[in-house]
Amino acid sequence: MKKAASHIDYNNAVISIRDLEKSFGDYHVLRGIDLDIFQGENLVVLGRSGTGKSVLIKLISGLLRPDKGSISVLGNDVLALSDKQLQELRIRIGFSFQNSALYDSMTVRKNLEFPLVRNRKGIGRAEINKSVETVLDAVGLSQTINQMPSELSGGQRKRIGIARTLILNPEIMMYDEPTAGLDPITCIEINELINEVQERYRTSSIIITHDLTCAKSTGDRIAMLLDGQFQRVGTFDEVFDTDDERVKPFFDYNFIQ
Amino acid sequence: MDTAGTTTPQQQKPGSKLKKRVTDFFVDLYKIGGFTARFFKEAFVPPFEFREIVRQCFEVGVKSFSLITLTGFIVGVIFTKQSRPSLSEFGATSWLPSLVSIAILKALAPLVTALIAAGKVGSGIGAELGSMRVTEQIDAMEVSGTKPFKFLVCTRVIATTLCIPLLATYVALIALLGAFLNVNTNEGTSYSAFMSDVFEPIGFIDINQSLVKAIVFGFTIGIVGCYQGYHSNKGTEGVGKAANNAVVIAMFLIFIEEILIVQITGWFR
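Going down the list, the protein sequences come from chains X and P.
Heads up: the first sequence begins at 1 in UniProt numbering, then just goes up one per residue.
Heads up: the second sequence begins at 1 in UniProt numbering, then just goes up one per residue.
Don't take every hint at face value.
[Unchecked claim] For the chain X half of the interface with chain P, some residues (derived, Cβ under 7 Å), not all of them:
#1 61
#2 63
#3 65
#4 91
#5 95
#6 97
#7 99
#8 103
#9 107
#10 115
#11 118
#12 119
#13 122
I should point out that these hints are in silico values taken from the structure, not numbers from a laboratory.
We put the CB at the ideal spot given by N, CA and C, even for glycine.
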């Protein structure tokens, strides 16, 4: 079980979602969800594939627009922001994609520099190099600086993807399936990295997963998304202390098998 | 399962599939118009991605160089060879250099260059941006506060618009070289006589017309390739479709533009 982070402020919500709905054609993915993510906490969103977990963080970051409801991020109403304001807000949010989404045509160094040089006007070469080295050191992959993404393993790609988001010192991190497709040892390393990021960069995070080991290791709170709504929200033990047949199979599959 | 009221693809009315395809094609053309407007809105506003433009120029220009060279040379040789019998019937083989130069400089050079570039460069752009879309690389740029349209689309369109005229000029010279070698071998025409005949029928307006064509073709190849890739979806199938559509739509537009430019230039003669 994860040790609670020291800097969580449960009186200060960095993300507030109210009555959020999203459909794709006739398929209602999210059916009026409410959620708060507090300053400094790691919130894990659990749910079956196709239940709208990834859609949720794409809505929060403004990549998708909801059909109904409100999303407030760091005090900004995401749906009311202009393109420029949304771009400024996104700099304060780190987004780690399921498949890392590293830029294939660029080396690791160029991948890391890409958001930095475009968002910090007038930044010098020395400062860029220092920032790149710092984040690579934070994810433990300094030796890969001149490698191409195709030369990296799955776990290394995930780490570099996280490093690329950290280079802008985000206040909020969003991880989309951080351990999907990785071996158990690498999963443990990624879980530790998520906790290190929380402590070192004082971030608030949303972690989308269906891996209960990841949820247990990284989540201060767990939110279980079922049938388009958050059915259970609480600590890991609170969420799984239930006879709900929709929730039990998650626990049984991960910890009994 | 009750299928009453539903229509399977096999049961569709004859021609409905064709109608859908034609409709989709023109809807695509309409959307490319909107995409072009966005290009003009963003391309000339700082910050400018000069380094990426240079890199894309290298991709477009240098990487198609060998194919363009070979094709240009063959076009020159073949066109000269095929035109000879017709001219010799009238005892007019001395007009061969003039005929070849009119055909190459006014029509073939920009058109051949554009068609090759549509196949090689346009499909490459469609596939590259398409795969970036389906692997969420474009989303990753967007959420990191950068402008993917400016970095990916504007740079590629500017690169093709700049490079296709240069490649067309190069193709014209190589095709004329092929024509000269053929004429020199068969008729023994000297280099100076050939060159004097080549430029004699070509006026300022002809050079400008070819240049305008090449610029318009280059822009079309870039914008269509980028549009198809940028709006690609449905995984790897979508990437293939984007690459394919980038070629088909660009070629269609190139022929339409060719007709329009020739017609418009005719009014100024």
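These are the hints, each one checked on the structure:
1. 61: holds (5 Å)
2. 63: Holds. Min distance 6 Å.
3. 65: violated (13 Å)
4. 91: Since chain P brings a Cβ to about 4 Å from residue 91 (chain X), closer than 7 Å, the hint holds.
5. 95: holds (4 Å)
6. 97: holds (5 Å)
7. 99: holds (6 Å)
8. 103: holds (6 Å)
9. 107: For residue 107 (chain X), the interface hint is violated, since the closest Cβ of chain P sits about 13 Å away, which is over 7 Å.
10. 115: holds (4 Å)
11. 118: Nearest chain P Cβ about 5 Å off; hint holds.
12. 119: With a closest approach of 5 Å, the residue 119 (chain X) hint holds.
13. 122: Given a least distance of 11 Å, the restraint on residue 122 (chain X) is violated.
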